[in-house]
Structures are given as C-alpha cells and as structure tokens.
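Below are the chains, spelled out letter by letter.
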Amino acid sequence: MKKHLIILAGAAMLFGMTSCKQVSKSGAKSSSNNGTYSQSMPSVDMVAEGEPQEAEVTAAPNVPAPVGDRGPKKWIVNLETTETQAEIADGKMYTFWTFNHTVPGSFIRVRVGDEVTLNLKNAENSVLPHNIDLHAVTGPGGGAAVTTSAPGQTTSFTFKALNPGLYVYHCAAPPVPMHIGNGMYGLILVEPEGGLPKVDREYYVMQGDFYTKVSATNPNLLEFDNDKAVAEQPDYVLFNGKKGSLLGNNMIEANVGETVRIFVGNGGPNLTSSFHVIGEIFDNVYLEGGSTISHNIQTTMIPAGGAAIVEFKCEVPGEFVLVDHSLSRAFNKGAIGKLVVRGDKNHTVFQENK
Amino acid sequence: MKRTWISIVVIILVISLIACNKTQDDIMPVQEQNSPESIHSTQINTKMVYIPGGEYRPFYSADSNDVFVAPFLMDERPVTNQEFLEFVKANPQWRRSNVKRIYADSSYLKYWQGDLKLPQEALPDAPVTYIPWFAAKAFAESVGKRLPTLDEWEFLAMADQDTSNARTKKQYSDDIINLYLEKDRQYKAVKQSGPNYWGVYNMFDLIWEWTDDFNSVLIKSDSRVGEDDKGLFCAAGGATTAADILNYAAYMRFALRASIKANYNIANLGFRCAKDTIISPSQNQEL
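Protein sequences, first through last, are from chains F and Y. Numbering of the first sequence is given in numbering that gives the first Met the number 0, commencing with residue 0 and proceeding in unit increments. Numbering of the second sequence is given in numbering that gives the first Met the number 0, commencing with residue 0 and proceeding in unit increments.
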C-alpha cells in the first residue's frame with residue numbers, strides 16, 4: 000500500500016514538473032513572437048543576480064549609462080520627495096514638489112528582469128505626505144499603495160521590471176493633480192534584453208503644465224492654482240520644469256553625423272503634448288514609449304502620464320527647436336527648447352540659395 | 000497504514016490552508032491601557048469650548064450617510080511645548096530616554112535638549128510636535144481628557160470665521176490650502192491668529208493634529224480599492240458632493256492621516272484634547 004502511494008506521489012510530481020516546463024516554453028514563444036523585442040524567457044522567470052547595488056540616477060537632461068548586454072540584476076533606487084522653491088520663469092519663484100530636488104525627478108534606468116528596491120524618503124520638513132506610482136510596476140497602485148510616506152518617514156518596496164518601455168512615475172497622494180501639477184513626476188526606462196540599440200547622444204526631456212497664482216503669504220512667490228488646473232488653463236507649459244531649461248547655455252548638443260535619442264515624457268497633469276523638433280524628422284519613434292517602432296514621424300503625441308522615445312540622425316548643423324506643436328504653448332507658455340548641432344554643412348541635404 | 004497516510008495528508012492540507020488564509024494584519028493602535036506605569040495627572044487647565052455637535056456628512060463617506068456628532072468640549076488650541084514638558088516631568092515613562100519603542104519611534108521629541116529641556120529656540124507656547132499618538136493619548140488622560148474623534152475634529156473643521164459650516168464656500172478650502180502650504184509654521188506660538196466660528200484657534204495654521212481614530216478612514220474607505228490612499232482618492236472622489244471634490248484641503252488632511260502610524264513622530268504633527276459633556280454652555284459659564 001505504502002509503495003503504491005509513493006509511486007503515485009512520484010508520478011504526480013513528474014507530471015507537475017513537465018507541465019510547468021511546457022508553460023514556460025510556450026510563454027517564451029509567445030513573447031518572442033510579439034513586437035520588436037525578443038526575449039529568451041518570460042521576464043517574470045528571469046533571475047536577478049547578485050547583491051543589490053545602488054543604481055545611478057540622473058537629473059534632466061542627462062540619463063544614466065545604457066544597460067548594454069548585462070543580465071538581470073538587483074538594484075536599490077533612493078528617491079527623496081521635497082517641497083522646495085525654485086525659479087519657474089523670468090525670475091519668478093514657484094513652490095515645486097519634487098523627486099530628488101528636481102523637476103522632472105531623477106531618471107531611473109533598468110532592464111527587463113531587474114529587481115528594484117525603491118526607497119522613498121519624504122523630507123523631514125515636508126508639509127505633506129507623498130508616494131510614488133511607477134507605471135513600470137506591475138502591482139497595486141504601481142507602488143503607491145505601499146509607499147505613502149509621512150514627513151520625515153521612509154517607505155520601501157521591491158518590484159520586478161516585467162515589461163520593457165519608457166514609463167512615467169509620479170506622486171499619487173491626494174489631491175493627485177496638485178502633486179503632479181507641482182512637478183512630482185519623472186521617467187523610468189526599462190530596457191529590453193540586450194539593451195536599446197547604441198546611439199551617440201541620449202537626453203531626458205519632460206513636459207509639464209503649470210497653474211500658478213501669487214502666494215497668499217509671499218508676493219514674490221507663485222504657487223499652485225486649483226481653479227486654473229480644474230479649468231485646464233495653464234500659465235506655463237514647460238520642458239524640464241523651467242522656462243529656458245533647454246535654451247542658451249542649456250541647449251542640448253550633438254555633432255553632424257551623430258544619432259540622437261531623446262526620452263520624452265509628459266507629466267501633465269492635464270495636457271497632451273504634440274512633440275516636434277523643428278527641422279528634423281524622427282527616424283524612429285517608440286510609440287507611446289512601448290515596443291512598436293514607427294518611422295519617419297514629424298510630430299508624435301505624448302499623453303499626460305505617457306512617454307515616447309524619439310531618434311534621429313543629425314545630418315546638418317544648426318539650431319533645432321523642440322516644441323509642443325500646440326503652438327500657443329511654445330510661443331506664449333514656455334514649451335520651447337533647443338538642440339544645437341555643430342559640424343560641417345552638407346549642401347546636398349540643405350543649402351540656402353542666394 | 001493507509002489510515003496513517005491519509006491522516007498525514009489531511010493534516011498537511013489543513014496546515015497549508017491555514018497558512019494561506021493568514022493575512023498580515025495592519026498595526027492598529029490598541030484601545031486598552033498600554034502603559035506599564037499608570038499615568039500621573041498633570042495640572043494643566045486649557046480653556047475648552049462647548050461644541051453642540053449635530054448631523055454632518057463625513058468627507059470620506061462612501062455611502063453619503065450623515066453622521067451624528069454628540070456635544071463635546073474641545074481645547075481652544077493645541078497642546079504646547081511647555082505643557083508637554085509638564086507632562087513628562089510628572090510621567091517619567093514618557094521622557095525621551097525612557098519611552099518604549101513600540102509607543103514612539105526614534106524621532107520622539109527629536110530636538111529636545113534632554114529629557115526635560117525643550118529644543119533650542121523653541122517657543123514654550125508653540126504647539127508640541129514630534130509626539131506619537133500613544134503619547135498624545137497619555138497626555139490627554141493625564142489632564143482628565145481624551146483625544147477628539149476624527150468626526151469631532153472634522154465637524155469643527157467645517158467652520159470658518161463666520162459660519163459653522165463653510166464647506167460650500169469656495170474660499171473655504173482655498174484659504175486653508177494657503178495656510179497648509181506654508182512651511183515651518185509649527186514653530187509659531189498658539190493663538191496668534193483669529194478664532195473660528197466656535198471660538199477655537201489654530202485648526203489649520205500651525206500643525207496637523209492626531210485624532211483618536213485617525214486611521215479609521217482606512218477601514219471606512221471603499222473596500223474595492225483597498226487600504227491605500229489611492230483608495231481614499233477613488234472612494235472620496237466618487238462619492239462626495241461636487242463642493243467636496245474641490246475640497247483639496249480635506250484631501251490633504253486625509254492623505255496625511257493615511258500616511259501615519261501610532262508610533263510615528265512628525266515635525267508638523269501635534270494634538271489637542273477633547274472631553275465628553277452633558278452640560279450646555281449656559282450651565283457652565285466658566286468653561
């Protein structure tokens with residue numbers, strides 16, 4: 000009798016294991032058939048190696064080093080939420096709420112299969128609680144459900160990056176439009192296995208709409224205006240949280256012959272961006288930050304809480320203007336930046352006739 | 000033999016089922032008396048204000064049911080640094096070096112210069128902060144009072160300077176947000192600003208305040224969306240009146256309450272005390 004039972008148990012175990020294998024095989028097949036990226040196995044089954052290390056994060060317009068062909072790893076990402084005053088436009092100060100003291104917040108760069116421990120510290124002198132919802136996270140609230148941090152407190156959670164793409168993260172503490180309207184957003188890039196194709200230059204640009212009124216207590220300070228936000232009538236539409244953040248000495252740069260990749264996000268809270276670079280055509284656009292690559296695009300739509308990756312080769316020198324092609328925003332509200340391309344002219348591509 | 004095997008299998012099954020069903024309970028403040036040493040009374044007689052109570056609609060109500068708030072007495076202002084110092088003098092178990100970690104995390108009375116010395120440059124009559132719910136509750140007991148309930152606090156918070164319920168006024172929430180947005184206001188002295196309709200001071204302009212059941216909103220919020228503040232966002236956003244959807248000040252208060260635990264010590268979180276009453280103000284002029 001005992002023997003029978005053991006044999007039965009053994010058979011059941013074998014059966015279970017083979018069926019498991021079959022599931023993972025078919026999973027791999029379907030993922031490699033989908034989209035542009037191919038994966039050797041479902042990302043949920045990838046093993047992140049080693050001890051957790053602190054990940055490099057960067058302020059706009061810079062991005063961390065590409066993941067290259069490394070395997071999945073474990074990372075620690077430290078973000079601090081702050082409420083701070085900084086110039087928004089023309090010498091006017093505004094009370095921004097931030098991730099890591101900047102608008103947009105730090106750029107996070109990982110790959111599929113990475114396991115990321117995100118520590119969210121709320122500065123001790125914050126008035127309000129903050130949290131983080133990363134659109135790259137599979138799980139309750141994108142992390143917001145477990146990261147609400149009171150002033151001075153730190154919360155933490157760990158997630159596995161399952162889907163490649165460029166994702167927005169933002170604060171989701173109520174009232175959410177106010178937290179986002181004050182600048183609490185950033186981008187997290189999840190690279191596919193093997194990394195994105197190599198390019199010469201990479202930049203981080205994020206658009207946001209700002210609704211302001213003069214502070215009741217400080218006539219030299221602007222702060223969030225709820226009425227304008229509800230009416231969706233911003234005073235400013237800005238790249239990287241400040242008028243002129245990509246102008247003058249702050250222009251992003253490239254040389255003739257180089258390929259440029261811009262990670263473009265839109266924090267909102269309300270407006271959809273019609274992102275365009277005057278005088279360039281996007282050779283590649285990772286539509287909505289996902290895996291579908293479209294070609295030869297003039298203007299790409301970037302929804303609030305969405306992103307896109309645009310790539311183009313710089314063929315001729317000059318200043319190329321980044322705009323939201325909903326043009327009143329560019330001409331009147333600040334949604335303008337510049338890429339300066341240096342190098343030799345190419346008269347075959349472009350020349351002025353005198 | 001067969002029977003033994005079957006019973007083993009059944010036992011394993013039962014164990015695994017039990018393990019599966021066990022969910023992690025949230026840390027909730029325990030209602031019973033916790034202190035290993037009893038609370039010694041402190042002679043502090045903060046003026047209290049009679050609040051008649053009445054029907055009111057909670058901001059977070061998912062089903063729009065009105066709640067009846069019984070008459071109560073409320074401290075006219077928050078508890079101050081000096082008063083809390085008197086309390087810890089009389090109650091050594093609540094001094095910084097003695098306090099138990101389960102009642103107060105390591106930030107308890109963070110900038111005090113010792114067990115019985117206030118922070119440098121702290122005003123004695125500024126509200127006490129960096130105190131946990133447990134300590135606030137113990138203080139209230141020491142002065143023969145209790146913490147206000149969330150409903151009592153919010154009932155009182157409906158008042159502006161001129162009316163008992165200003166929730167429908169557009170300016171009401173805007174004015175409060177203007178106060179909320181100012182940093183480091185907790186270092187100012189109490190009663191430097193005007194009283195509200197009831198004669199109560201500093202409801203919004205200095206600190207966040209503990210309430211007895213500060214975390215009850217987590218239980219009452221929509222169970223479909225869970226315990227997080229997004230749940231609060233969805234539940235409150237979907238169920239309250241249009242005027243309340245624009246009440247960003249209330250969202251901020253409830254977000255703060257959802258982010259704290261009973262042993263937390265926060266830079267801008269203090270408290271005031273309340274008391275049951277059966278008498279009306281006409282019977283008790285000296286209140």
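Rather than coming from a laboratory, the hints here were simulated on the basis of the structure. The model shown is predicted, which means the values in this text are computed figures rather than measured ones. Possibly wrong hints are sitting among the right ones.
Listed next, the in silico DSSO-like pairs over lysine-lysine satisfying Cα-Cα at most 30 Å (straight line) [said to hold, decoys possible]: (1) F:Lys-337 <-> F:Lys-212; (2) F:Lys-212 <-> Y:Lys-46; (3) F:Lys-212 <-> Y:Lys-168; (4) F:Lys-120 <-> Y:Lys-187.
Covered by chain Y, per the in silico footprint, the following chain F stretches (three or more residues, Cβ under 8 Å) [to be verified]: (5) 168–180; (6) 275–286.
Beta-carbon label-pair distances, calculated as ranges [claimed, not checked]: (7) F:Ile-75 <-> Y:Thr-162: 26 to 36 Å; (8) Y:Pro-91 <-> F:Glu-86: 47 to 57 Å; (9) F:Pro-218 <-> Y:Gln-170: 15 to 25 Å; (10) F:Val-339 <-> Y:Arg-100: 37 to 47 Å; (11) F:Gly-70 <-> Y:Ala-188: 51 to 61 Å.
Ideal Cβ placement from N, Cα and C applies to all residues, glycine included.
* Hints not upheld, ascending by number -> Going through the list in order, the structure violates hints 2, 6, 7 and 10 and respects the others.
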